[in-house]
Amino acid sequence: MILDSLAVDAGAFATRTGWAIKPEGACRGEVCVPLPSEVRNADGSLDVGVLAQRLGMPLLHDNANSLWALGPSTVTGKALTTAEAPSVTLPDLDGDPFDLATLRGQKVLLVAWASW
Amino acid sequence: MEIVTVALDTGGAEAARPWIEKAQPEHPALIDQAHVLDELLGFVNVPNAVWLDEDQTLVRPAHAAHIKRSPLRDMDVPEGLGRLGDQLHEVKKIRTNPEAYVDAIRDWAEHGNESRFALTPDQVIARSRPRPPEHAEAAAAFELAQHLWRNGDRDAAIEWFKQAHHLHPENWTYKRQAWTFATTKPGEPSDLIQGENDVYDGNWLDDVKAAGAENYYDVFDPDRD
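Going down the list, the sequences are from chains A and B. Residue numbers for the first sequence, in the numbering used here: 1 to 116. Residue numbers for the second sequence, in the numbering used here: 1001 to 1225.
If you are wondering where the hints come from, they were derived from the structure by calculation, not from laboratory data. Bear in mind that the values here come from a model prediction, so they are computed numbers and not experimental data. Some hints could be false.
Looking from chain B toward chain A, a few residues come up when the C-beta cut is under 8 Å (computed) [stated by the list, open to error]:
1) R1017
2) A1029
3) L1030
4) A1049
5) P1061
6) A1104
7) I1105
8) R1129
9) P1130
10) L1148
11) S1190
Derived DSBU-like pairs (lysine-lysine); straight-line CA-CA distance at most 30 Å [to be verified]:
12) K78(A) x K1162(B)
13) K1185(B) x K78(A)
14) K1093(B) x K1209(B)
15) K78(A) x K107(A)
16) K78(A) x K22(A)
17) K1092(B) x K1162(B)
18) K1092(B) x K1068(B)
19) K1093(B) x K1068(B)
20) K1209(B) x K1092(B)
21) K1209(B) x K1185(B)
22) K1022(B) x K1162(B)
23) K107(A) x K1068(B)
24) K1162(B) x K1209(B)
25) K1093(B) x K78(A)
26) K107(A) x K1209(B)
Glycine residues also receive a C-beta, built at the ideal position from the N, C-alpha and C atoms.
Construct all of the structure, not just a fragment, from the sequences and the given hints.
If you want it as structure tokens, here you go:
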């Protein structure tokens, strides 16, 4: 997740990482990681440093561009924390967004390819 | 069953457009310009795939997804091609198992979660790729690299691409995406040879030789998987 400050909106954090902020902590699927109260900034945003430390997310900084990148969680040591499909909306060739969740009720073979 | 294809392409729709327009797919053909699915699902090469059941639960984690044997595997490599010839010899060593994979898909399509190829949620998580701290850091470095590349700071992007390659050398997606930027000529389609260049220490041929072409894909094995 690319950030231009170390404060992040909970909704944006959940959309990009899949980790939802709930009363019991940061949750993804059946896994919840308790968070200390100091994760909340005074304006209601989340402290990225606290999230990174608690969720085992690497936080890299590009000094010249004043950007950070928050990497994926390592709390389970696996690429998947849950078998629930992530919430994914991606554009097609015309730029029209397609929400994977609209295919609920069908089996889906999701295939990644590339031009390279 | 619905097929959804996703192009993992920092070059965005314009990079993927020639292939999609030629294929004229009837299924959703999407573009993942930021490689978000690499991180969310654990894709490390292409083609890779996951299977989702009717409840949008993964029943197979990311794995190599070949549905057809490449004709390059059976070609006679002419003498005198130099590095290209060496590369084609390595391609011939790459292992895939399209027949078994397609059979498994058909079995799942017919039997659903009763198929022996449909895994339980715990199995899916357990069989997903390992994510040690260095792989997570590589994902962050790769995301920074792509962001900077798309926004024009290409020198900075290259340094982050290099860091991603160093931290997760088995991730061919990180390497191939960066190499193709270094070797594709302006205005031409993505270079698939990805040969020696003056930007990165690695290139397709030398890195595949070092890793062993037989390890290039995590091949689907119906008896193991």
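Structure-based check of all given hints:
no., hint, in the structure
1, R1017, "holds (6 Å)"
2, A1029, "holds (6 Å)"
3, L1030, "holds (4 Å)"
4, A1049, "holds (4 Å)"
5, P1061, "holds (6 Å)"
6, A1104, "violated (11 Å)"
7, I1105, "holds (7 Å)"
8, R1129, "holds (4 Å)"
9, P1130, "holds (6 Å)"
10, L1148, "holds (7 Å)"
11, S1190, "holds (4 Å)"
12, K78(A) x K1162(B), "holds (23 Å)"
13, K1185(B) x K78(A), "violated (38 Å)"
14, K1093(B) x K1209(B), "holds (10 Å)"
15, K78(A) x K107(A), "holds (24 Å)"
16, K78(A) x K22(A), "holds (22 Å)"
17, K1092(B) x K1162(B), "holds (28 Å)"
18, K1092(B) x K1068(B), "holds (14 Å)"
19, K1093(B) x K1068(B), "holds (16 Å)"
20, K1209(B) x K1092(B), "holds (12 Å)"
21, K1209(B) x K1185(B), "holds (25 Å)"
22, K1022(B) x K1162(B), "violated (33 Å)"
23, K107(A) x K1068(B), "holds (21 Å)"
24, K1162(B) x K1209(B), "holds (19 Å)"
25, K1093(B) x K78(A), "holds (29 Å)"
26, K107(A) x K1209(B), "violated (38 Å)"
The structure fails hints 6, 13, 22, 26 (numbered hints given earlier, in ascending order).
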